[in-house]
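Chemist: So the chains spell out like this:
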Amino acid sequence: MSVQSMSEPSSSAPLLPRVASFLFVAFLLVVVITPVAYVFYGSFRTDSPGAPDAGFTLANWQTAYLSPVYLDALWNTVVLGVVVAALSLVIGGALAWIVARTDTPGRNTFALLIIVPLMISNLITTLAWIALAAPNAGFINAYVRMFTGIRTIFDIYSFSGIVTVHVLHYAAFAFLALFAALRSIDASLEEASYMLGVGPLRTSIRMTLPLIAPTIATTFLVIFIFVAENFSVPTLLGTPVDFQTLPSMIFFNMAVTPTQPTIAAASGTVLLWIALIGTVLQRRMTSRANRYVTVTGKGSRHRLARLGIWRYFTCAFVVLYLLLAVGLPYIALVLGSLMNFLTPRLRPEVFTLDNYRTFFVGDNFAPVLNSLGLSICGGLGLTIIYVLLSFVIGRVRSRWAFAAD
Amino acid sequence: MPKFLSRITMGLAGLLLLATDAGAQSAAPSDPKLAGSWAFMQQQMPGVPASLLEAACKEASLMVYYGTWVDAEEAQIKRFQERFPCVSVEKFTADTGQRRERWLAETRAGRHIADIIQDTDPGFLNDQASKNGLTEYKISNDGQFDAAAKKDGYWYALRVALVGIAWNTDLVSDEEAKKLSTWQGITDPVWAGRAAIVDPSAGGVAYTPWYVWLKNYGPEFLQKIGALKPRIIAAITPASAALASGDIEVLLNASETGLLPLLDKGAPIRWSLPDPGIGPMTGQAIAAAAPHPNAAKLFQEYSFTEEGYGIWQKLGGAPARKGVKDQRPVAQQSWYKVPTSFIPYDPADASKSMNSVLEEYRKSIGNAR
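Those sequence lines, one after another, are chains A and B.
Counting in numbering that gives the first Met the number 0, the first sequence runs without a single skipped number right up to 404 at its last residue.
Counting in numbering that gives the first Met the number 0, the second sequence runs without a single skipped number right up to 368 at its last residue.
Hints are supplied without guarantee of correctness; some may be wrong.
Unchecked claim - Calculated Cβ distances over 12 Å to all of chain A for the following chain B residues:
no. : residue
1   : Lys32
2   : Ala34
3   : Glu100
4   : Ala104
5   : Asn167
6   : Pro229
7   : Ala233
8   : Glu306
9   : Lys336
10  : Met353
Said to hold, decoys possible - A partial selection of chain A residues facing chain B, derived with a Cβ cut-off under 10 Å:
no. : residue
11  : Ile129
12  : Asn135
13  : Thr207
14  : Leu208
15  : Ala212
16  : Pro260
No lab work stands behind these hints: they were computed from the structure.
Predicted model, so just to flag it, every value in this text is computed and none were measured.
We put the beta carbon where it would ideally sit given N, CA and C, even for glycine.
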């Protein structure tokens, strides 16, 4: 979709596509606007929808926007989003450069393995990291204590713990975006730079980096929004140390006695602003990025940076990332699944196969089937919706298509 | 003479009533497939008519909202389905706070899903009974429960949920553990940095001690706990798991529900039940708008029969039914001592005071939640 098609909707499209785009907008209204409108409505009520004698009030907005507890949660949300997005870009960018532009051994295999963290739910990664780095009984802390005497080398129940779990996940996302951008840059530009005698580092900083700057900016925003809206990681790791973000506050307001669904709705509007501002900024950057014609989407052969002895360090860096993002969490999960209860004090009697025996029996296996069913139906349904949406936005020139966009 | 006549009349009336009852009980269901279920009912649910069984079978299903006492509930449901194969049971389990709020939200929205609800706060159940949130149904074994363990015709107690102080035996010495035999012992500075608490919002068993402590020992008691900088854990199950792993050394408001399965698996844990104790009842009731009211009544009946209750109690908690011996293996352990008395409290006041207790908790312990 070009900038022109966004800014200049016309009504000259044939009737059928216009009707299709109208129907699509109506569908989007139902599935997107209705719940949002309901949240806004609920945020102005004295009690949850359906409750008798409920009236209108501004008190929920006052609480969500002005009370110290919620302002703290907003501040935590923003700081967490910014720190995670920045670190994810640095690590993901480094991984992308190593795999796309250097002669690091194993880079083709790494390109596949680095995106594995994206396939794992960050809830699972969080649980695995609790097993690894709980302050007193995490495997890492327990064994470091055994050999060095240091009580706790890393406490997962902390801001840095929350950042670590997020960054290990979203660095893979940043890698994916930057790897694609690095691969899409017209190789002849860099060749020209080299021929003029500019070294690889200077070429990277003076030419490659500006070329992928729009991708960096949009990736930053997308990660920021994802992290700001993530609930499982800060809830599991932040609650024990009284660190709350907006999503975790909303969860507790909705799910835990005494519930405050109307305050949750008002807090939800704060998150909505974050998402909306982020989305608008991201769209602007994407539009500007279209001007960078050198990032074409077509692959071309690039000269790889020869790192010499340093290529083993870059290889070690990728391996370390994979170890932290995939290897250790999975080892912890498998080990935990073979134990009667989680403990770093490994004795023969704590090991068992009972967890697997019960897992495959009766109702216990139902969640697996549910997950499979949801994945297949959800994946298929969303693909169909987005193909249609892309078609309407990209091919139909009507005001409805513009609205859908 | 009139006295004699009156006795004769009363006697005849009694006989008539007995005959009517016996007639109702002996009117077997017409479907021969229900013979097994009916035989069991005659034996353990005296006076329950066959029509309830037939109506329950017609409804064919049932939804039970239950708590973290998964093993006990599933064992009971399994046996119920063996006894009454015509009723299939669907289940939903969560911490009390989440489970309760889900049910309330569904009720407010007019989406009635739950037939049977369980709650660890008798005050909440009483409140729902007074607001017509529960079905009034007096079970046939009603006489087996004391007044404190039921609200006649509304809810009956599955257990006395004993609140204790738990510790990891690998990390807390026997000498140190002696301090944990009284409630006052938990405020000892020796537990600073070693203790954890379950958030009071997690449910009745997690909440009640905070209410009782505040009421009996004042805000200073909570402030002393706050001074220990305890780790706040959102629910009973993860708190118990953290104790078993050694990530925390002491759990100040522990529930046996979380501890017993871990003890059975060999986890290095022990707990004390200080005397006088804190033991809120966990009750079970039928939702007023239960979509399967007859199946729900049948399940409610079964849950409190000798068999149904026995199965649940063996895994679920200290017995609340009269004359039931505690069948849990832990009850045979020499270190395990049930309190001889309980700190009296009014469940209705405990429920009503929740906001003020949580406010005091936040001031003393933390803002989380």
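Chemist: Could you let me know if the closest chain A CB is still more than 12 Å away from the CB of Ala233 of chain B?
Modeler: The claim is violated: Ala233 of chain B sits with its nearest Cβ about 5 Å from chain A, within 12 Å.
Chemist: Minimum Cβ distance from Asn135 of chain A to chain B below 10 Å?
Modeler: Because about 5 Å separates Asn135 of chain A from the closest Cβ in chain B, which is inside the 10 Å limit, the hint holds.
Chemist: Hey, does Pro229 of chain B actually stay past 12 Å from chain A on C-beta?
Modeler: 9 Å, violated
Chemist: Quick one: work out the minimum CB distance from Asn167 of chain B to chain A and report holds if it exceeds 12 Å, violated otherwise.
Modeler: 9 Å, violated
Chemist: The hint names Pro260 of chain A as touching chain B; please verify it with the least Cβ-Cβ distance against 10 Å.
Modeler: At about 8 Å, which falls below the 10 Å cut-off, the nearest Cβ of chain B leaves the hint on Pro260 of chain A intact, so it holds.
Chemist: Per the CB criterion, is Ile129 of chain A less than 10 Å away from chain B?
Modeler: Holds. Min distance 9 Å.
Chemist: Do the numbers back the hint for Ala212 of chain A, that is, is its least Cβ distance to chain B under 10 Å?
Modeler: Not OK, violated: Ala212 of chain A not within 10 Å of chain B, min 40 Å.
Chemist: Holds or violated: is there a CB of chain B closer than 10 Å to the CB of Thr207 of chain A?
Modeler: Status violated, d = 45 Å.
Chemist: Could you let me know if the closest chain A CB is still more than 12 Å away from the CB of Ala104 of chain B?
Modeler: 7 Å, violated
Chemist: Using Cβ atoms and 12 Å as the threshold, tell me whether Met353 of chain B really stays out of contact range of chain A.
Modeler: Given that some Cβ of chain A is not farther than 12 Å from that of Met353 of chain B, nearest at about 6 Å, it is violated.
Chemist: Confirm or reject: Glu100 of chain B is not an interface residue toward chain A, with every Cβ-Cβ distance exceeding 12 Å.
Modeler: Glu100 of chain B is in fact no farther than 12 Å from some Cβ atom of chain A, at 5 Å.
Chemist: Glu306 of chain B: least C-beta distance to chain A exceeds 12 Å?
Modeler: Nearest chain A Cβ is 21 Å from Glu306 of chain B, so the label holds.
Comparing the model with each numbered hint stated earlier shows that hints 3, 4, 5, 6, 7, 10, 13, 14, 15 do not hold.
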